[in-house]
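A.B. asks: If you want the building blocks of each chain, they are given just below.
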Amino acid sequence: MDLLSDLFLAKAAFIGIVFAITLGIAAYSTYFERKIAAFMQDRIGPDRAGPFGILQPLADAVKMFMKEDFIPANSNKWLFIAGPCLSMLTALMTSAVVPFGDTVTIGGVTFDLQGIDVNIGILWVFGIVSLGVYGILIGGWASNNKYSLLGAIRAASQNISYELAMGLAIIAILLFTGSLSTKAIVEGQQNGHWNIFYQPLGFIIFLICAFAECNRTPFDLPECETELIGGYHTEYSSMKLGFYLFAEYINMFISGAVMATLYFGGYDYPGIDFVTAQFGNNIAVFVGMGALIGKALLFVFVFMWVRWTLPRFRYDQLMGLGWAGLIPLSMYNVVVTAFGILIGKPFTAGIVGVVLLILGLLIHDQLFVKKKIA
Amino acid sequence: MAISNIWYFLSGLTLLSALMVVLAKNPIHSVLYLVFTFFCISGHYVLLNAQFLMAVNIIVYAGAIMVLFLFVIMMFDLKKNQPESKSSLTKLAGSVVAGTLLVLFVALLRKNNLPAPSEVNFKSQTGMVETLGKILYTEYLLPFELISILFFVAMVGAVMLGKREAGERNF
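So the sequence lines, in the order shown, correspond to chains L and V. Each residue of the first sequence is one higher than the one before, starting from 625 at the first, in this note's numbering. Each residue of the second sequence is one higher than the one before, starting from 291 at the first, in this note's numbering.
Bound-form chain V, shown alone:
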């Protein structure tokens, strides 16, 4: 099987499962389709020879964040927390906005002829963890460290919010 066929199959699967995230009635099903979408995206990373991104995508998104999503949604009583149906005006406005965005994207892609990557300059090792690490710690050192500070601040904030003050209710 040619590699482009795998790409088409994977892309179709990705789009299908991404659509099902929006269309599924049951929130739990939505979350599970989203997990499946992340797996398909990881498959794309493998095709791009970026194994490290594939593993990190699965660990961070599928393994940690989506588990928390599932966790929170399972706590809901789904029968009581159904979102009410939107009015037809909202639906109309929504479809107009989405349609305009789609036209914009198509127009943009047609205007900008993206250059095809040249086979001569192609480096198969770009996505490997060694290359990625070297680039992150030399060329992009400042943004990388800034992001880590951002994460640290977010973490401290989460701990502060979750911390129980003395005398607060214990539940």
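Chain L on its own, in the form it takes in the complex:
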């Protein structure tokens, strides 16, 4: 490839912008997390740095950099440093295949708003998600602290368990699209044919798995304060801790973007034809990019909302939900989806599938579950 061609430079600029947007949103997610927590707990929240505390992320960043950077004496020094770096790296790599928009023409260069359009896009996401656990595992082991190690091991087993259900939920999507490319998945959902209408069950499974993969409450067992002090980042301080926390917020935003891509039509929005006719293609595409980011931010809000609403799971409940709950459910979803495509009525099949599932659960509950007498 010619390193100085216009197309290459345009793509490089686009990737730089995506990185800047991701990092900016992650930084401000910390602020909004605290504001939302404050709102839900009837407090005010950060309000000292700047108007409405809007400069709080900057103040936090300065604090993180100024703190003492401490490395425990008996730790494995290089791996201790590598842990947070790997977490950050894997968090940022996923956005490469998320399609942020259709093709635009700027200054005579036509390119699509996507890092790389590979024909294995969704497998790339899946691969990077499965690598995400290395940062936590290595950091937790290198700290040479039993609590860190326990947190790391919890994180590893949790991520591996929930990847299975996540993969099965993705398979149902792939049955619809017939392609692994994220671009093709989005193009199959244009004009309001969003996958959420055909895959309500699959979306709920994917959402729960996303919570578990991001280590967010109610699945934040790896850093459970009451049992493990701080979990895998007990020994971390300064910007290394900052990287771990930052990677979590990046993961939230990116998994929101992936969910929007898979289930909510990606950069599709109502009235796209009208905007294209009135203002031209470029404006319509950039509005689409805004729509995708807006959908992703909505999911970030859901992540925060759930965090301040639900209590934490117990560890055996977490494993039980993953292996005995979600995996059979997602297999059922795959079968229902395949049947729906076979008879040519995927929408009806999706709805009937959910209704049958609820009916089955109710009947099972009535027949076999003994009620405790209160």
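Some hints here could point you the wrong way.
[What the hints assert, rightly or not] Under the rule of at most 27 Å between Cα atoms (straight-line distance), these lysine-lysine pairs were calculated in the DSSO-like manner:
hint	chain 1	residue 1	chain 2	residue 2
1	L	K701	L	K770
2	L	K969	V	K424
3	V	K315	V	K413
4	L	K691	L	K770
5	L	K687	L	K701
6	L	K807	L	K969
7	L	K635	L	K807
8	L	K701	V	K424
9	V	K424	L	K807
10	V	K413	L	K807
11	V	K315	L	K770
12	V	K376	V	K315
If you're looking for bench data, these hints aren't it; they were derived computationally from the structure.
Given the coordinates of chain L, assemble chain V onto it according to the supplied hints.
C.D. replies: Chain V alone, transformed into the frame defined by chain L:
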């Protein structure tokens, strides 16, 4: 940069990290070098235009199997579980066997002049997921299904081994 230079660089990196897997004293380092080796091999798949194999290699090996390796090794107390040093006779026998194998391989490669792939018959789409799927479900359907049965048996076996019988100790 020519594509062959990338190939040489990647191959050197692969061999180096594969050697470090064996030479590293700390088992955790060994596992991490092995993960890195898998990444290099995935790089080779990309050079061969086999993106699907690259992704599956990372998901299955680097993402799942090596995490389990790491998981098990982290549970060990590494100070207590050092393997004892082998006697010099074992070391000698080991190097003789390895040397013979190396000579055998070199001789075999020299004997069989592998034909260079012709550029006319080369299909760039061979490694793509569509082609792979079609071949697996037509030409190689029986072996593919047999392998899936094998996997199923292994899975049932693992569940049986891991299952707690009624009244067994809960730990």
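A.B. asks: Which of the numbered hints are not met once you compare them with the structure shown?
C.D. replies: Checked against the structure, the hints that fail are numbers 3, 8, while the rest are satisfied.
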